[in-house]
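**Student:** With chain A's structure known, arrange chain B on it following the hints.
Protein sequences appear in the order of chains A and B.
Counting in our numbering, the first sequence runs from 3 upward without gaps.
Counting in our numbering, the second sequence runs from 3 upward without gaps.
There's no promise every hint is true.
DEER-style ranges, computed between Cβ atoms [stated by the list, open to error]:
(1) B:R65 - A:G18: 47 to 57 Å
(2) A:G18 - B:T114: 40 to 50 Å
(3) A:T109 - B:R11: 19 to 29 Å
(4) A:S54 - B:T22: 38 to 48 Å
(5) A:S14 - B:T55: 39 to 49 Å
(6) B:T55 - A:E5: 18 to 28 Å
(7) A:N68 - B:P98: 26 to 36 Å
(8) A:K4 - B:G86: 18 to 28 Å
(9) B:G18 - A:Q33: 35 to 45 Å
Honestly, the hints are just simulated from the structure, not real lab data.
C-beta atoms are modelled at their ideal positions from N, C-alpha and C, and glycine is treated no differently.
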Amino acid sequence: QKEVEQNSGPLSVPEGAIASLNCTYSDRGSQSFFWYRQYSGKSPELIMFIYSNGDKEDGRFTAQLNKASQYVSLLIRDSQPSDSATYLCAVNKGAQKLVFGQGTRLTINP
Amino acid sequence: KAGVTQTPRYLIKTRGQQVTLSCSPISGHRSVSWYQQTPGQGLQFLFEYFSETQRNKGNFPGRFSGRQFSNSRSEMNVSTLELGDSALYLCASSGPGFNEQYFGPGTRLTVT
Numbered sequence: 003q004k005e006v007e008q009n010s011g012p013l014s015v016p017e018g019a020i021a022s023l024n025c026t027y028s029d030r031g032s033q034s035f036f037w038y039r040q041y042s043g044k045s046p047e048l049i050m051f052i053y054s055n056g057d058k059e060d061g062r063f064t065a066q067l068n069k070a071s072q073y074v075s076l077l078i079r080d081s082q083p084s085d086s087a088t089y090l091c092a093v094n095k096g097a098q099k100l101v102f103g104q105g106t107r108l109t110i111n112p
Numbered sequence: 003k004a005g006v007t008q009t010p011r012y013l014i015k016t017r018g019q020q021v022t023l024s025c026s027p028i029s030g031h032r033s034v035s036w037y038q039q040t041p042g043q044g045l046q047f048l049f050e051y052f053s054e055t056q057r058n059k060g061n062f063p064g065r066f067s068g069r070q071f072s073n074s075r076s077e078m079n080v081s082t083l084e085l086g087d088s089a090l091y092l093c094a095s096s097g098p099g100f101n102e103q104y105f106g107p108g109t110r111l112t113v114t
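Chain A with its partners taken away, still in its complex shape (with noise of 0.2 Å):
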C-alpha cells in the first residue's frame, strides 16, 4: 500500500463547477498535509495546508481533513480554466519529509 494515494485521474471538470480532489494516507500519526499545484513543465506552487480536523477555507479553495478515516480532500469552488494542472497532496512525515501522492490531472473545459 502506498503512503499516500490520489485517483490519478484524468479528472474533468465544467467550467465554474466545483472539482473535488480526494487523497488517502496510510500513517494514522501524520499530522500535517499539503495540496500543491504543478503547471506542466514548472515545479509544485503550495495552495492549501491543513492540521486539523475539519475544513479551511482560502478563496475559492477549501481542504478537508478527516484523520480518523484518513482522508484529505481539496474543493476548488468556480473552476476556472487556469485551474487546470497536476495536484499533489503531500504529508509531512517529520523533519521536513514530504511524501507524496502520484497526483491527479485536473482538466477545466470552458
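**Tutor:** Relative to chain A, chain B alone:
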C-alpha cells in the same frame, strides 16, 4: 521576498560523470529539502538540511549527497551518473517553526 532559486536550470551530463546542483532558500529560511521528480516515481524525498546538519534522508543510494552552508544555501551532488538519474531536481525551503515548504523552479538533469 525573493523565492527559492536553483542553479543551473538545465544540465546535460554523460553517464559516469558527477554533477553539483545549487539551491538558495527564501531569505530567513533555514531548512532546505531536496526532491527528485520523475514521470515513473513521482516526487521523492532525497534529504533535508537544517543549520548545516542533515536531519533526514530518503531511500536513495550513497551517490546522492548534499550539504548546507552557514548562509543556508545548499548543494546536492550526484556522483557516477546513471541514465536513471535523469529527472527534475527540486529544492524547497521552510521557515523556522513552520512546516510549509516552498519549491524552487528546479534543475532539469538529463543523463546521456
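**Student:** Hints broken by the structure, by number, lowest first?
**Tutor:** none
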